[in-house]
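Numbering (this note's numbering), first residue to last: 384 to 807.
None of these hints come from the bench; they were simulated from the model.
Among the hints, a few may not be true.
[Unchecked claim] Straight-line C-alpha distance at most 20 Å; calculated PhoX-like pairs for lysine-lysine:
hint: 1; residue 1: 453; residue 2: 414
hint: 2; residue 1: 439; residue 2: 392
hint: 3; residue 1: 649; residue 2: 721
hint: 4; residue 1: 501; residue 2: 695
hint: 5; residue 1: 709; residue 2: 794
hint: 6; residue 1: 745; residue 2: 721
hint: 7; residue 1: 745; residue 2: 694
hint: 8; residue 1: 695; residue 2: 739
hint: 9; residue 1: 425; residue 2: 453
hint: 10; residue 1: 739; residue 2: 694
hint: 11; residue 1: 453; residue 2: 494
hint: 12; residue 1: 387; residue 2: 501
hint: 13; residue 1: 694; residue 2: 650
hint: 14; residue 1: 451; residue 2: 392
hint: 15; residue 1: 776; residue 2: 695
hint: 16; residue 1: 583; residue 2: 573
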Amino acid sequence: MLQKGHLEKIGDNLILRIAEENEEEIDRIIKLNIQVHGEDLKNYMYRLFNDHPNRKDHIWFYIEDELKDKIVSSGLLFPEIWDFEGINIPICEMGFVATAEEYRDHGLFSKINQCYEKIMQERGYILSVIRGVPFFYRRYGYEFAIPLDYGYKVSFDEIPESENYDIRIRRALEADIENLENLYNQWAEKYSITQKFNSKPFIYKYLNDKYTEFQFRTYVLEEKKEVQAFFCVGEYFGTENVIMLTSALSCRQILRMLDFWKNECKKQNNLRENSILILNPPNSELSSFLLSLGATIENKWGWQIKIPNLKKFFDAIRPLMERRIKNSIFRDMNKIIKISTYRENLHICFRNGEIKQIELRKGFPEEPDYDLKVPNSHLTQIILGSKTIQEIKSIITDTIYKEDWLVFMEKLFPKHDSYCYSYL
384 MLQKGHLEKI
394 GDNLILRIAE
404 ENEEEIDRII
414 KLNIQVHGED
424 LKNYMYRLFN
434 DHPNRKDHIW
444 FYIEDELKDK
454 IVSSGLLFPE
464 IWDFEGINIP
474 ICEMGFVATA
484 EEYRDHGLFS
494 KINQCYEKIM
504 QERGYILSVI
514 RGVPFFYRRY
524 GYEFAIPLDY
534 GYKVSFDEIP
544 ESENYDIRIR
554 RALEADIENL
564 ENLYNQWAEK
574 YSITQKFNSK
584 PFIYKYLNDK
594 YTEFQFRTYV
604 LEEKKEVQAF
614 FCVGEYFGTE
624 NVIMLTSALS
634 CRQILRMLDF
644 WKNECKKQNN
654 LRENSILILN
664 PPNSELSSFL
674 LSLGATIENK
684 WGWQIKIPNL
694 KKFFDAIRPL
704 MERRIKNSIF
714 RDMNKIIKIS
724 TYRENLHICF
734 RNGEIKQIEL
744 RKGFPEEPDY
754 DLKVPNSHLT
764 QIILGSKTIQ
774 EIKSIITDTI
784 YKEDWLVFME
794 KLFPKHDSYC
804 YSYL
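The task is simple: from the sequences and hints, build the whole structure.
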(Lines of atoms letter the chains of each structure in order from A; the text may use other names.)
(Lines give C-alpha, C1' and ligand atoms only; values in the text may rest on other atoms or scores of the structure.)
Protein backbone atom coordinates (compact mmCIF):
# COMPACT_ATOMS: atom_id res chain seq x y z
CA MET A 384 0.00 0.00 0.00
CA LEU A 385 1.29 3.45 -0.91
CA GLN A 386 2.06 5.52 2.18
CA LYS A 387 3.04 9.07 2.99
CA GLY A 388 6.72 9.45 2.20
CA HIS A 389 6.52 7.32 -0.96
CA LEU A 390 8.71 8.50 -3.84
CA GLU A 391 9.42 7.30 -7.36
CA LYS A 392 11.56 8.63 -10.17
CA ILE A 393 9.41 9.46 -13.20
CA GLY A 394 11.90 11.05 -15.59
CA ASP A 395 15.08 13.04 -15.85
CA ASN A 396 15.39 15.05 -12.63
CA LEU A 397 11.70 14.50 -11.77
CA ILE A 398 10.50 12.68 -8.65
CA LEU A 399 6.87 11.97 -7.71
CA ARG A 400 6.31 12.08 -3.95
CA ILE A 401 3.50 11.55 -1.48
CA ALA A 402 4.03 14.27 1.09
CA GLU A 403 4.95 13.44 4.67
CA GLU A 404 3.56 16.91 5.42
CA ASN A 405 6.56 18.35 7.16
CA GLU A 406 6.85 22.12 7.29
CA GLU A 407 9.24 22.37 4.35
CA GLU A 408 6.94 20.35 2.07
CA ILE A 409 3.93 22.39 3.13
CA ASP A 410 5.67 25.66 2.28
CA ARG A 411 6.79 24.41 -1.14
CA ILE A 412 3.39 22.96 -2.14
CA ILE A 413 1.68 26.18 -1.08
CA LYS A 414 4.22 28.26 -2.98
CA LEU A 415 3.35 26.42 -6.22
CA ASN A 416 -0.40 26.80 -5.67
CA ILE A 417 -0.07 30.52 -4.98
CA GLN A 418 1.93 30.85 -8.19
CA VAL A 419 -0.78 29.03 -10.18
CA HIS A 420 -4.02 29.96 -8.36
CA GLY A 421 -3.33 33.16 -6.41
CA GLU A 422 -2.40 34.52 -2.98
CA ASP A 423 -5.88 33.89 -1.48
CA LEU A 424 -5.05 30.22 -1.02
CA LYS A 425 -2.11 30.78 1.32
CA ASN A 426 -3.81 30.81 4.74
CA TYR A 427 -6.54 28.47 3.52
CA MET A 428 -4.00 25.77 2.63
CA TYR A 429 -2.01 26.24 5.83
CA ARG A 430 -5.17 25.57 7.82
CA LEU A 431 -5.94 22.46 5.80
CA PHE A 432 -2.48 21.15 6.59
CA ASN A 433 -2.51 22.12 10.26
CA ASP A 434 -6.09 22.36 11.55
CA HIS A 435 -8.53 20.27 9.49
CA PRO A 436 -10.03 17.56 11.74
CA ASN A 437 -9.48 14.88 9.07
CA ARG A 438 -6.06 16.08 7.93
CA LYS A 439 -4.40 12.72 8.68
CA ASP A 440 -6.52 11.17 5.90
CA HIS A 441 -5.54 13.80 3.32
CA ILE A 442 -3.01 12.66 0.72
CA TRP A 443 -0.88 15.36 -0.91
CA PHE A 444 1.01 14.51 -4.10
CA TYR A 445 3.74 16.55 -5.70
CA ILE A 446 6.37 16.31 -8.39
CA GLU A 447 9.77 17.80 -7.71
CA ASP A 448 12.40 18.93 -10.19
CA GLU A 449 15.54 17.89 -8.32
CA LEU A 450 17.85 19.83 -10.59
CA LYS A 451 16.03 23.12 -9.96
CA ASP A 452 15.06 22.17 -6.40
CA LYS A 453 11.41 23.14 -6.76
CA ILE A 454 7.95 21.59 -6.77
CA VAL A 455 6.41 21.81 -10.24
CA SER A 456 3.09 19.92 -9.92
CA SER A 457 0.70 19.01 -7.10
CA GLY A 458 -2.64 17.47 -6.22
CA LEU A 459 -4.69 16.45 -3.18
CA LEU A 460 -6.84 13.42 -2.37
CA PHE A 461 -9.52 14.69 0.03
CA PRO A 462 -11.79 11.94 1.44
CA GLU A 463 -15.49 12.54 2.04
CA ILE A 464 -18.69 10.51 2.45
CA TRP A 465 -21.65 10.86 0.10
CA ASP A 466 -25.10 9.59 1.02
CA PHE A 467 -26.80 7.53 -1.70
CA GLU A 468 -30.37 7.33 -0.37
CA GLY A 469 -29.21 6.08 3.01
CA ILE A 470 -26.08 4.24 1.86
CA ASN A 471 -22.77 5.81 2.84
CA ILE A 472 -20.33 5.77 -0.08
CA PRO A 473 -16.66 6.69 0.53
CA ILE A 474 -15.56 9.12 -2.16
CA CYS A 475 -12.59 11.42 -2.64
CA GLU A 476 -12.32 14.89 -4.09
CA MET A 477 -9.29 15.85 -6.14
CA GLY A 478 -8.16 19.33 -5.19
CA PHE A 479 -5.32 21.80 -5.58
CA VAL A 480 -4.30 20.52 -8.99
CA ALA A 481 -1.48 22.83 -10.05
CA THR A 482 1.35 22.60 -12.56
CA ALA A 483 3.93 25.31 -13.17
CA GLU A 484 3.37 26.83 -16.61
CA GLU A 485 6.70 25.76 -18.10
CA TYR A 486 6.04 22.11 -17.10
CA ARG A 487 2.56 21.78 -18.61
CA ASP A 488 1.75 19.38 -21.47
CA HIS A 489 4.44 16.96 -20.28
CA GLY A 490 2.11 14.42 -18.67
CA LEU A 491 2.91 15.34 -15.07
CA PHE A 492 -0.71 15.35 -13.94
CA SER A 493 -1.12 11.91 -15.54
CA LYS A 494 1.59 10.61 -13.21
CA ILE A 495 -0.10 12.15 -10.18
CA ASN A 496 -3.45 10.77 -11.32
CA GLN A 497 -2.06 7.23 -11.61
CA CYS A 498 -0.82 7.42 -8.03
CA TYR A 499 -4.12 8.98 -6.91
CA GLU A 500 -6.18 6.17 -8.46
CA LYS A 501 -3.93 3.50 -6.97
CA ILE A 502 -4.56 4.93 -3.51
CA MET A 503 -8.29 5.10 -4.28
CA GLN A 504 -8.26 1.39 -5.04
CA GLU A 505 -6.15 0.48 -2.01
CA ARG A 506 -8.26 2.48 0.44
CA GLY A 507 -11.69 1.68 -0.95
CA TYR A 508 -12.85 5.03 -2.33
CA ILE A 509 -15.68 4.32 -4.78
CA LEU A 510 -15.95 7.64 -6.66
CA SER A 511 -13.56 10.43 -7.53
CA VAL A 512 -14.96 13.94 -7.96
CA ILE A 513 -13.45 17.22 -9.03
CA ARG A 514 -14.66 20.78 -9.61
CA GLY A 515 -11.96 21.40 -12.19
CA VAL A 516 -11.66 23.38 -15.39
CA PRO A 517 -13.87 22.46 -18.37
CA PHE A 518 -12.97 19.58 -20.68
CA PHE A 519 -9.47 18.77 -19.38
CA TYR A 520 -10.52 15.93 -17.07
CA ARG A 521 -12.58 14.12 -19.71
CA ARG A 522 -9.38 12.51 -20.95
CA TYR A 523 -9.12 10.82 -17.55
CA GLY A 524 -12.67 9.45 -17.66
CA TYR A 525 -14.54 12.20 -15.78
CA GLU A 526 -18.02 13.39 -16.74
CA PHE A 527 -20.29 16.15 -15.40
CA ALA A 528 -22.94 14.26 -13.46
CA ILE A 529 -24.25 16.18 -10.41
CA PRO A 530 -25.04 19.92 -10.15
CA LEU A 531 -22.66 22.15 -8.21
CA ASP A 532 -22.62 25.85 -7.36
CA TYR A 533 -25.75 27.02 -9.17
CA GLY A 534 -25.75 30.74 -8.40
CA TYR A 535 -28.85 32.96 -8.22
CA LYS A 536 -28.25 36.71 -8.02
CA VAL A 537 -31.01 38.87 -6.58
CA SER A 538 -30.62 42.65 -6.39
CA PHE A 539 -31.36 44.58 -3.22
CA ASP A 540 -34.24 46.33 -5.00
CA GLU A 541 -35.90 42.96 -5.67
CA ILE A 542 -35.83 41.90 -2.02
CA PRO A 543 -39.04 43.00 -0.26
CA GLU A 544 -38.82 44.44 3.22
CA SER A 545 -39.64 41.68 5.66
CA GLU A 546 -42.23 42.05 8.38
CA ASN A 547 -41.35 38.69 9.91
CA TYR A 548 -39.44 40.07 12.88
CA ASP A 549 -40.79 37.30 15.09
CA ILE A 550 -38.12 35.24 13.31
CA ARG A 551 -34.89 36.01 15.13
CA ILE A 552 -31.57 35.57 13.33
CA ARG A 553 -28.30 35.10 15.20
CA ARG A 554 -24.83 33.65 14.67
CA ALA A 555 -24.72 29.89 15.12
CA LEU A 556 -22.65 28.39 17.92
CA GLU A 557 -21.04 24.98 18.31
CA ALA A 558 -23.84 24.21 20.76
CA ASP A 559 -26.25 24.38 17.79
CA ILE A 560 -24.53 21.56 15.90
CA GLU A 561 -27.19 18.92 16.66
CA ASN A 562 -29.94 21.21 15.36
CA LEU A 563 -27.86 22.06 12.29
CA GLU A 564 -27.34 18.37 11.53
CA ASN A 565 -31.05 17.58 11.90
CA LEU A 566 -32.04 20.48 9.66
CA TYR A 567 -29.44 19.52 7.05
CA ASN A 568 -30.66 15.92 7.04
CA GLN A 569 -34.26 17.08 6.57
CA TRP A 570 -33.11 19.13 3.56
CA ALA A 571 -31.12 16.16 2.21
CA GLU A 572 -34.16 13.87 2.20
CA LYS A 573 -35.34 15.59 -1.00
CA TYR A 574 -32.25 14.48 -2.92
CA SER A 575 -30.95 11.14 -4.13
CA ILE A 576 -27.24 11.85 -3.55
CA THR A 577 -25.96 14.38 -1.03
CA GLN A 578 -22.92 15.15 1.07
CA LYS A 579 -23.07 13.25 4.37
CA PHE A 580 -23.22 15.69 7.28
CA ASN A 581 -20.05 15.49 9.35
CA SER A 582 -20.00 17.58 12.51
CA LYS A 583 -16.27 18.20 12.89
CA PRO A 584 -15.59 19.35 9.29
CA PHE A 585 -18.80 21.44 9.40
CA ILE A 586 -17.61 23.20 12.55
CA TYR A 587 -14.15 23.65 11.04
CA LYS A 588 -15.49 25.25 7.87
CA TYR A 589 -18.66 27.09 8.87
CA LEU A 590 -18.33 27.78 12.61
CA ASN A 591 -14.67 28.74 12.74
CA ASP A 592 -13.75 32.40 13.15
CA LYS A 593 -10.18 31.58 12.14
CA TYR A 594 -11.43 31.16 8.59
CA THR A 595 -11.23 34.91 8.10
CA GLU A 596 -10.05 35.20 4.51
CA PHE A 597 -13.23 33.60 3.16
CA GLN A 598 -15.43 34.76 6.07
CA PHE A 599 -17.36 31.50 6.34
CA ARG A 600 -19.98 31.69 9.07
CA THR A 601 -23.41 30.32 9.90
CA TYR A 602 -26.65 31.91 11.08
CA VAL A 603 -29.72 30.28 12.58
CA LEU A 604 -33.34 31.39 12.34
CA GLU A 605 -35.27 31.04 15.60
CA GLU A 606 -39.00 31.11 16.21
CA LYS A 607 -40.34 30.90 19.76
CA LYS A 608 -36.73 30.40 20.91
CA GLU A 609 -36.34 27.24 18.82
CA VAL A 610 -33.93 26.87 15.90
CA GLN A 611 -36.02 26.32 12.75
CA ALA A 612 -33.56 26.87 9.89
CA PHE A 613 -30.01 27.97 9.07
CA PHE A 614 -27.87 29.44 6.33
CA CYS A 615 -24.11 29.66 5.77
CA VAL A 616 -22.30 32.54 4.09
CA GLY A 617 -18.82 33.22 2.80
CA GLU A 618 -16.71 34.37 -0.12
CA TYR A 619 -17.03 32.58 -3.45
CA PHE A 620 -14.38 33.16 -6.14
CA GLY A 621 -13.92 36.79 -5.15
CA THR A 622 -17.61 37.54 -4.52
CA GLU A 623 -18.24 38.43 -0.89
CA ASN A 624 -21.29 37.75 1.30
CA VAL A 625 -22.50 34.79 -0.73
CA ILE A 626 -25.16 32.55 0.82
CA MET A 627 -23.40 29.23 0.31
CA LEU A 628 -25.72 26.70 1.92
CA THR A 629 -29.18 26.68 3.50
CA SER A 630 -31.50 24.28 5.21
CA ALA A 631 -35.06 23.94 3.93
CA LEU A 632 -36.83 27.29 4.37
CA SER A 633 -40.45 28.42 4.43
CA CYS A 634 -41.55 31.47 2.44
CA ARG A 635 -41.49 33.64 5.59
CA GLN A 636 -38.04 32.39 6.48
CA ILE A 637 -36.70 33.07 2.98
CA LEU A 638 -37.96 36.66 3.05
CA ARG A 639 -36.57 37.22 6.54
CA MET A 640 -33.18 35.75 5.58
CA LEU A 641 -32.90 37.87 2.41
CA ASP A 642 -33.95 41.09 4.14
CA PHE A 643 -31.62 40.42 7.07
CA TRP A 644 -28.66 39.64 4.82
CA LYS A 645 -29.33 42.63 2.57
CA ASN A 646 -29.16 44.91 5.61
CA GLU A 647 -26.02 43.19 6.92
CA CYS A 648 -24.33 43.70 3.54
CA LYS A 649 -25.32 47.37 3.47
CA LYS A 650 -23.55 47.94 6.78
CA GLN A 651 -20.21 47.26 5.12
CA ASN A 652 -18.38 50.40 4.11
CA ASN A 653 -16.51 48.68 1.27
CA LEU A 654 -19.60 47.13 -0.30
CA ARG A 655 -18.97 46.39 -3.98
CA GLU A 656 -22.29 44.75 -4.84
CA ASN A 657 -25.90 45.86 -4.53
CA SER A 658 -27.10 42.29 -4.81
CA ILE A 659 -26.82 38.92 -3.08
CA LEU A 660 -25.57 35.71 -4.69
CA ILE A 661 -27.21 32.53 -3.40
CA LEU A 662 -25.78 29.11 -4.25
CA ASN A 663 -28.60 26.58 -4.34
CA PRO A 664 -29.68 23.42 -6.15
CA PRO A 665 -31.59 23.87 -9.40
CA ASN A 666 -35.26 22.86 -9.21
CA SER A 667 -35.41 23.59 -5.47
CA GLU A 668 -38.22 25.59 -3.87
CA LEU A 669 -35.75 28.28 -2.83
CA SER A 670 -34.38 28.61 -6.37
CA SER A 671 -37.89 28.88 -7.81
CA PHE A 672 -38.79 31.52 -5.23
CA LEU A 673 -35.65 33.54 -6.02
CA LEU A 674 -36.46 33.45 -9.73
CA SER A 675 -39.98 34.67 -8.96
CA LEU A 676 -38.43 37.71 -7.23
CA GLY A 677 -36.50 38.49 -10.41
CA ALA A 678 -33.21 36.73 -9.66
CA THR A 679 -30.90 35.84 -12.53
CA ILE A 680 -28.90 32.64 -12.84
CA GLU A 681 -25.28 33.75 -12.66
CA ASN A 682 -23.45 30.46 -12.93
CA LYS A 683 -24.03 26.75 -13.39
CA TRP A 684 -21.45 24.12 -12.74
CA GLY A 685 -21.29 20.45 -11.90
CA TRP A 686 -19.23 17.82 -10.21
CA GLN A 687 -17.04 15.98 -12.67
CA ILE A 688 -17.20 12.37 -11.56
CA LYS A 689 -15.32 9.17 -12.32
CA ILE A 690 -16.14 5.62 -11.23
CA PRO A 691 -12.80 3.80 -11.60
CA ASN A 692 -14.16 0.36 -10.66
CA LEU A 693 -17.72 -0.40 -11.76
CA LYS A 694 -17.86 -3.71 -9.90
CA LYS A 695 -17.01 -2.04 -6.58
CA PHE A 696 -19.56 0.69 -7.24
CA PHE A 697 -22.38 -1.72 -8.03
CA ASP A 698 -21.49 -3.88 -5.02
CA ALA A 699 -21.69 -0.75 -2.84
CA ILE A 700 -25.14 0.29 -4.11
CA ARG A 701 -26.54 -3.26 -4.24
CA PRO A 702 -29.02 -2.61 -1.36
CA LEU A 703 -30.29 0.50 -3.15
CA MET A 704 -30.83 -1.35 -6.45
CA GLU A 705 -32.64 -4.16 -4.63
CA ARG A 706 -34.86 -1.66 -2.80
CA ARG A 707 -35.82 0.04 -6.06
CA ILE A 708 -36.75 -3.22 -7.78
CA LYS A 709 -38.58 -4.64 -4.73
CA ASN A 710 -40.70 -1.47 -4.65
CA SER A 711 -41.70 -1.87 -8.30
CA ILE A 712 -43.79 -4.19 -10.44
CA PHE A 713 -40.59 -6.12 -11.18
CA ARG A 714 -40.19 -7.37 -7.59
CA ASP A 715 -40.80 -11.01 -8.57
CA MET A 716 -38.85 -11.00 -11.85
CA ASN A 717 -35.88 -13.24 -12.58
CA LYS A 718 -33.55 -11.45 -14.95
CA ILE A 719 -29.86 -11.04 -15.74
CA ILE A 720 -29.37 -7.40 -16.68
CA LYS A 721 -26.45 -6.95 -19.07
CA ILE A 722 -24.77 -3.55 -19.30
CA SER A 723 -21.72 -2.74 -21.40
CA THR A 724 -19.42 0.26 -21.72
CA TYR A 725 -17.90 -1.37 -24.85
CA ARG A 726 -14.80 -2.11 -22.76
CA GLU A 727 -16.32 -3.61 -19.63
CA ASN A 728 -19.47 -5.68 -19.27
CA LEU A 729 -21.62 -6.02 -16.16
CA HIS A 730 -24.02 -8.90 -15.58
CA ILE A 731 -26.42 -8.29 -12.67
CA CYS A 732 -28.46 -11.36 -11.74
CA PHE A 733 -31.87 -10.64 -10.13
CA ARG A 734 -33.93 -13.38 -8.46
CA ASN A 735 -37.26 -12.25 -6.99
CA GLY A 736 -35.99 -8.72 -6.47
CA GLU A 737 -32.71 -9.75 -4.87
CA ILE A 738 -29.31 -9.51 -6.53
CA LYS A 739 -27.63 -12.90 -6.44
CA GLN A 740 -24.49 -11.98 -8.37
CA ILE A 741 -22.71 -9.04 -9.98
CA GLU A 742 -20.13 -10.11 -12.52
CA LEU A 743 -17.67 -7.93 -14.45
CA ARG A 744 -16.18 -9.09 -17.74
CA LYS A 745 -13.55 -7.29 -19.75
CA GLY A 746 -13.54 -6.74 -23.50
CA PHE A 747 -15.89 -5.82 -26.33
CA PRO A 748 -19.47 -7.16 -25.88
CA GLU A 749 -19.67 -9.89 -28.51
CA GLU A 750 -23.09 -11.20 -27.42
CA PRO A 751 -26.08 -9.49 -29.08
CA ASP A 752 -28.37 -9.61 -26.02
CA TYR A 753 -27.12 -6.65 -23.97
CA ASP A 754 -29.85 -4.56 -22.37
CA LEU A 755 -27.75 -1.40 -22.48
CA LYS A 756 -24.55 -0.45 -24.26
CA VAL A 757 -23.21 3.06 -23.63
CA PRO A 758 -19.75 4.66 -23.38
CA ASN A 759 -18.42 4.59 -19.82
CA SER A 760 -18.62 8.28 -18.88
CA HIS A 761 -22.26 8.45 -19.99
CA LEU A 762 -23.08 5.32 -18.01
CA THR A 763 -21.92 7.37 -15.00
CA GLN A 764 -24.61 9.96 -15.78
CA ILE A 765 -27.28 7.26 -16.03
CA ILE A 766 -26.46 5.33 -12.87
CA LEU A 767 -26.07 8.52 -10.80
CA GLY A 768 -29.54 9.67 -11.92
CA SER A 769 -28.33 12.71 -13.85
CA LYS A 770 -29.69 11.66 -17.26
CA THR A 771 -32.15 9.09 -18.57
CA ILE A 772 -31.09 6.47 -21.08
CA GLN A 773 -33.19 8.18 -23.75
CA GLU A 774 -31.62 11.58 -23.01
CA ILE A 775 -28.17 10.07 -23.48
CA LYS A 776 -29.34 8.30 -26.65
CA SER A 777 -30.43 11.65 -28.11
CA ILE A 778 -26.85 12.96 -27.98
CA ILE A 779 -24.71 9.79 -28.05
CA THR A 780 -25.58 7.63 -31.05
CA ASP A 781 -23.77 4.53 -29.81
CA THR A 782 -26.13 4.29 -26.84
CA ILE A 783 -28.04 1.11 -27.64
CA TYR A 784 -30.74 -0.38 -25.44
CA LYS A 785 -33.54 -2.93 -25.53
CA GLU A 786 -36.94 -1.26 -25.65
CA ASP A 787 -38.66 -4.11 -23.80
CA TRP A 788 -36.42 -3.68 -20.73
CA LEU A 789 -36.24 0.11 -20.73
CA VAL A 790 -38.87 0.47 -17.97
CA PHE A 791 -36.93 -1.98 -15.78
CA MET A 792 -33.73 0.00 -16.34
CA GLU A 793 -35.51 3.23 -15.48
CA LYS A 794 -36.67 1.71 -12.19
CA LEU A 795 -33.13 0.54 -11.50
CA PHE A 796 -31.56 3.91 -12.39
CA PRO A 797 -34.27 6.59 -12.10
CA LYS A 798 -33.52 10.21 -12.89
CA HIS A 799 -33.33 12.07 -9.59
CA ASP A 800 -32.24 15.45 -8.27
CA SER A 801 -28.95 15.34 -6.38
CA TYR A 802 -26.77 18.06 -4.88
CA CYS A 803 -23.50 17.72 -3.00
CA TYR A 804 -21.54 20.28 -1.03
CA SER A 805 -17.92 19.86 0.02
CA TYR A 806 -15.98 20.28 3.25
CA LEU A 807 -12.84 21.21 1.28
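For the pair supplied as a hint, residue 425 and residue 453, confirm whether the alpha-carbon distance does not exceed 20 Å.
holds (18 Å)
Next pair to validate is residue 745 with residue 694; report whether the Cα-Cα distance is within 20 Å.
Given that 20 Å is the threshold and the Cα spacing comes to 11 Å, the pair holds.
For residue 695 and residue 739, compute the direct alpha-carbon distance and say whether it is at most 20 Å.
holds (15 Å)
Has the given pair, residue 453 with residue 494, been kept, meaning a C-alpha gap of at most 20 Å?
Since the Cα atoms of residue 453 and residue 494 sit roughly 17 Å apart, the hinted pair holds (cutoff 20 Å).
Holds or violated: residue 387 with residue 501, Cα cutoff 20 Å?
holds (13 Å)
Given the hinted pair residue 453 and residue 414, is their alpha-carbon gap at most 20 Å?
Answer holds: residue 453 to residue 414 is near 10 Å, not above 20 Å.
Taken at face value, is the distance from the CA of residue 721 to the CA of residue 745 at most 20 Å?
The hint holds at about 13 Å.
Mind checking the alpha carbons of residue 776 and residue 695 for me, to see if they're no more than 20 Å apart?
violated (26 Å)
Given pair status - residue 694, residue 739, alpha carbons within 20 Å
Within the cut-off at roughly 14 Å; holds.
What's the verdict on residue 501 and residue 695, does the C-alpha distance respect the 20 Å limit or exceed it?
holds (14 Å)
For the pair supplied as a hint, residue 649 and residue 721, is the alpha-carbon distance within the 20 Å limit?
Violated. Residue 649 to residue 721 sits at ~59 Å, over the 20 Å cutoff.
Given the hint that residue 694 pairs with residue 650, test it: the Cα-Cα distance must not exceed 20 Å.
violated (55 Å)
Going down the numbered hints, you'll see the structure goes against 2, 3, 13, 15 and 16, while the others check out.
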